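From first to last, the protein sequence lines are chains A and B.
Take the first sequence: its position 169, counted from the start at 1, is 157 in this note's numbering, and no numbers get skipped.
Heads up, this note's numbering is the position in the second sequence plus 9, with the first residue counted as 1.
Simulated from the structure, these hints should not be mistaken for laboratory data.
For clarity, every value in this text was computed on a predicted model and none was experimentally measured.
Beta carbons are placed, not taken as given, at the ideal position from N, Cα and C, and that holds for glycine.
There may be inaccurate statements among the hints.
[Unchecked claim] In silico BS3-like cross-links for lysine-lysine, where the CA-CA straight-line distance does not exceed 30 Å:
#1 A/83 x B/278
#2 A/81 x B/278
#3 B/368 x B/329
#4 A/309 x A/272
#5 B/435 x B/414
[To be verified] Label-pair ranges, simulated between beta-carbon atoms:
#6 A/232 x B/115: 18 to 24 Å
#7 A/325 x B/283: 31 to 37 Å
#8 B/286 x A/280: 46 to 52 Å
#9 B/153 x A/234: 22 to 28 Å
#10 A/55 x B/115: 46 to 52 Å
#11 A/309 x B/54: 58 to 64 Å
#12 A/283 x B/256: 28 to 34 Å
#13 A/181 x B/233: 28 to 34 Å
#14 A/309 x B/300: 55 to 61 Å
[As the list claims (entries may be wrong)] If the Cβ cut is set under 8 Å, some of the chain A residues that face chain B in the computed set are:
#15 26
#16 34
#17 58
#18 80
#19 174
#20 178
#21 180
#22 223
#23 283
Spelled out from the first residue to the last, the chains are:
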Amino acid sequence: MRRQKLWWSHLRIFLFCLSLTACSNDDPITFGFVGGLSGPVSDLGGPSRNGMLLAIEAANANGGIDGRRIHTIIRDDKQDPERAQEVVRELLKRKVDVIIGPMTSAMAMAVIDQVNAAQTLMMGVTVTTDQLSGIDDYFMRCLASTGIHSAKVAEYLYTQKEYRSFSALVDTSNASYTQSWITNFSNHFRSLGGKEDQVLSFHSGDQNAMVEVASQLSQSGSDIVLLVSNALDAAVMAKLLRTENSNINLAVAEWAGTERLVELGGRHVEGTVVPQYIDRESTKPGFLEYRDTYQARFSHTPGFPSMIAYDATNIVLSALKQNPDPSKLKETILAIRHFKGLSGPITFDDYGDGSGLTFITEIKNGRYRVQASQ
Amino acid sequence: MSTSKRPLTFELLKQLALVAAIPLVVTAAFFIWQLYPQLKDNVALEQQVFADLVAERSEEFLQTAEEQVAFFLPILEQSPSDKQTLALLDQFIQSSRFFDSVYLLDYFGIVTHISNRNSDLNLTQELYQGIDVSKSPLIRSSQTLTTASWSDVFLSVVTSRLSIAYRTPFNQHTLVGELAIDRLPHLSQKLSEQGQLVMILDQYGQLIAHPDPELSQQQINLSNLPFFLNYQSSRVKSSEFTLGDNHYFGSMVRMQAPPWYVIVAQDQKQFTAALYKTVNLWLISIIVIVLTAMVIAYRRARQFSKRFERLIQHARDVAKGHYDSESSPTPIQEFQELSSSLTNMAHAIENRERTLQTKEQQLRNTLESAPNVAVQWYDDKGRVNYWNDASQHIFGYTAKEAMGKRLDKLIFSPRPTAEFNIHLQKVACGEATSREFELPFHDKTGKEGNIRGALFSIPGSDDTDLFVCMAFDVTKQRQAEASIRELNAQLEERVKERTRELSRSNKELESALAALKETMEQLVQSEKLAALGSLVAGVAHELNTPIGNALMAASSLEDFTQRIEGAFKDGKMTRSSLAQFLDDARVATGISSRNLERASELISSFKQVAVDQSSSQRRQFELGELVHEILVTLHPQTKKRDVSFDVDVPKRVELDSYPGPLGQVISNLVMNAVTHGYNEHQHGKITIRALSEDDTLTIEVCDEGVGIPEETQSKIFNPFYTTRLGQGGSGLGLHIVHNLVTDLLGGQIDVKSVIGDGTTFTIKIPRVAPVQAFDELSPQPPPQESNEKEDNYDHH
């Protein structure tokens, strides 16, 4: 009898342990990441992924969210809309709790319907297209939309630099962003009294087109030439333009404001006006600490994409800490609304678009120097 | 204590299966414990060899590329023109298996010539000639570069692919060959096909080659991988690690140039697959062996089981009382022995049963014939089950009448019944093994009495217990006890009466004692007065001689004066007669003045002693003076005895105390020594010594006389203790001394004496006497006379 009882109690303990593992609260939280990790836009994707990892590794080192570890699934969209849709489908199928990314507006536009259908929050990193502004959807971002930034650039060029006419080169491979950017810029610049000379376009990778438009632009005679493209293309274009006409004034969009522009542009990008989402010369302790930690972990200096991704990830993490239910993530973020970012406070509007300053810099001696912050 | 019943077959099966399985399980465990680590080491070693190979291959790959550049440089040096240079570069890139792009940088880091593998030469030139890479830390120009070297991994502006560059300084220029590292993944992929995952990390831990080329392009940094950190810090070459969702076991080696890391890893699942395979084999063999063992065991167990069944049948027969049944013979020795043992047991049981019957009869007879012990058995409801002859004798009921009835129907009234039932229940529920009781009863005729007995349980024939009651008739004892109690009561009354009488006489005694104390105090008082009287008499006697002498001298002088006067009147005074008169007058006045001085001295001593002793006044005084005065005042009483005094009192010993009582103490002790220490005509010496130490003063009065017997020493301070009872000694002298020393003077007194050697009284008193509650005691008589010496006092 006693032996039978012993067997029973053993069995019961075993079943109890099984049930514990089955309904354990230790299921990890899963962060999906989508972004251009290879190719010409990898200077956005790689650092963004690193920024996200830094935030998550720190959170995990502190015990995760209420003891739940944070797990990541990282996917490369190769700056290809179809590929982006494919990887987002995979992430949603694997029931990620939130997606950090993508990097570019073109990719965001490609996948927005998928995340809305799945009601999974997508926290964009460097996506600023106006096409996603003012919509109550499952896409959020901690940056202000493109229009706000390009308007500030227009104002700076018109009032501070006293340029009165502009020409522009626009990369159509990320049209959601570039078109928004240039349209807003143009509208604002013209509303101030400026003149649009010509807006040319090319598709990133089409080297012939680049040479062609470069010679056209160098002849435009405009006060300022805007390069709305990625950093690599901007560097090459700057070289082409300055070789033709060394006095030409250049400005780029925020997209190109990475380390790459300086490293590859060299003397040809000196004096270029570069708007930035962040203050690279900040001396805030949080910023400096982040810079050192990043340097130690990844052996290179952090660029702006990594900082934005870091802020974006931390915003999601702090919302999850307040309410661990991922399906309420959007509501939680909007309820908290005000967050602390590396470059300053971040406030979300009702549609999940962030706000932030635009730091207008000029390249001097190979360094970005802040001229104005608006 | 298990009550679960399993058939023998099952039990044997289980045991045999266990016997078969345990060694197998133990061996399997040993295998896992011992061989698993070895297996792991083997894998690690294999991986390291493989990783070395990959590193070697990679290095070779890069070295070949370097060699190509080395061959190319002399050709390039001889190029006569820019155009030629460009053509050479293009030729180089088209023929190279390695490089994707090659360009020349001038001293300032500006691209001067460039050729790209898959692009039009002119277009490339147009796009990239003039590009300034001086700000790039990776593609350094000859400004800072001194020897040929490989760069870190970077994103090529020319190819938009992750690349490394081989940089060679050359004529103030730098030749840069870019090599897209996505070739390495191909290598890695190829190698990984052999079941191992091959990865290459750059010096910062960034993944640059992985079988999945996509991952290679993502610039994933693995520098936080514990495996990588451990290798960096302590050169742990092999370890388990997690990458993405997969767990690996891998080994790492470091390449020489460039300083990259090669990791060869195996999926944990694959790694453990071999182990699982072996373990599975073990498991299968365990199952097979156990099953085989069970089949064999089952057949054997059935045979055993049948034999046991036969034996069981035999045992059942014996149990039913068929002691003569026999079991069938069997070839197995133990079974045969068991069977014959059963038969023997049956005979033994038969014999024992017979013996038991005899013993039971004997016991029953004993119970029946015990004349005074009533023995009954009851069932758990208290009904009589057995009733012996003595019970019948005591209670009057026959066994037949009592059988099956409860005691309340027989001998007990309700209260004893209830008590008896309580005892019965306590024994029944095991709370007590036996209960003793004493209860009143009435026998069949109604005569009342008491029984005293014990109740305990014995096992009954079935599961229920029987309760045995053994009882005596104690009626007569109780009657005797009752009469004793009555006697006791009378005795107590008598004791109380006596006590009353005793307390009455006690009170009478107390009042007598009080009267006695009063008498004693009066006696002490009169003793002191008597002493004072003696003193007065002594002093008067002492004064008698000097005053008589003075008187005589004065009258003689008067006589001489009258005579010379007469001679003068008669004119017969001669010169010689006048000279005679003057001589006589000088002698007479000398005599009288000496004697009067002596008298004066006596009086003043007496006065001081009398004042001191008649009033116990506290004052400051000097001990030496006191002793001197005392000896002077004692002189009348001691002069007739041949006693000498030796006084050893230091000078200037000041006391703040009661000189009268202290004087009385000393004089009493001195007189005690004079009187009792020496016989009347014996020469004696009395020593008075004083020693002052700090605040304490020690005074010793010693004689060298007869001594005090030891048995008497403890009594001498008691009142009325005297050796001269009826000879004038009152027995109060030393008692007074003791009281004065211990009470008023605040000290203590001690006596030491050896028969024939003398006696020493030692007094220790404080130099400053304790403060008394009163200012002055009642006047005390002068202490001159000690109690025991009135008989010696010389009355004049």
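Hint by hint, here is what the structure shows:
no.: 1; hint: A/83 x B/278; result: holds (25 Å)
no.: 2; hint: A/81 x B/278; result: holds (25 Å)
no.: 3; hint: B/368 x B/329; result: holds (22 Å)
no.: 4; hint: A/309 x A/272; result: holds (25 Å)
no.: 5; hint: B/435 x B/414; result: holds (21 Å)
no.: 6; hint: A/232 x B/115: 18 to 24 Å; result: holds (20 Å)
no.: 7; hint: A/325 x B/283: 31 to 37 Å; result: violated (57 Å)
no.: 8; hint: B/286 x A/280: 46 to 52 Å; result: holds (50 Å)
no.: 9; hint: B/153 x A/234: 22 to 28 Å; result: holds (26 Å)
no.: 10; hint: A/55 x B/115: 46 to 52 Å; result: violated (60 Å)
no.: 11; hint: A/309 x B/54: 58 to 64 Å; result: violated (47 Å)
no.: 12; hint: A/283 x B/256: 28 to 34 Å; result: holds (30 Å)
no.: 13; hint: A/181 x B/233: 28 to 34 Å; result: violated (54 Å)
no.: 14; hint: A/309 x B/300: 55 to 61 Å; result: holds (57 Å)
no.: 15; hint: 26; result: holds (3 Å)
no.: 16; hint: 34; result: holds (4 Å)
no.: 17; hint: 58; result: violated (14 Å)
no.: 18; hint: 80; result: violated (17 Å)
no.: 19; hint: 174; result: violated (27 Å)
no.: 20; hint: 178; result: violated (32 Å)
no.: 21; hint: 180; result: violated (33 Å)
no.: 22; hint: 223; result: holds (7 Å)
no.: 23; hint: 283; result: violated (11 Å)
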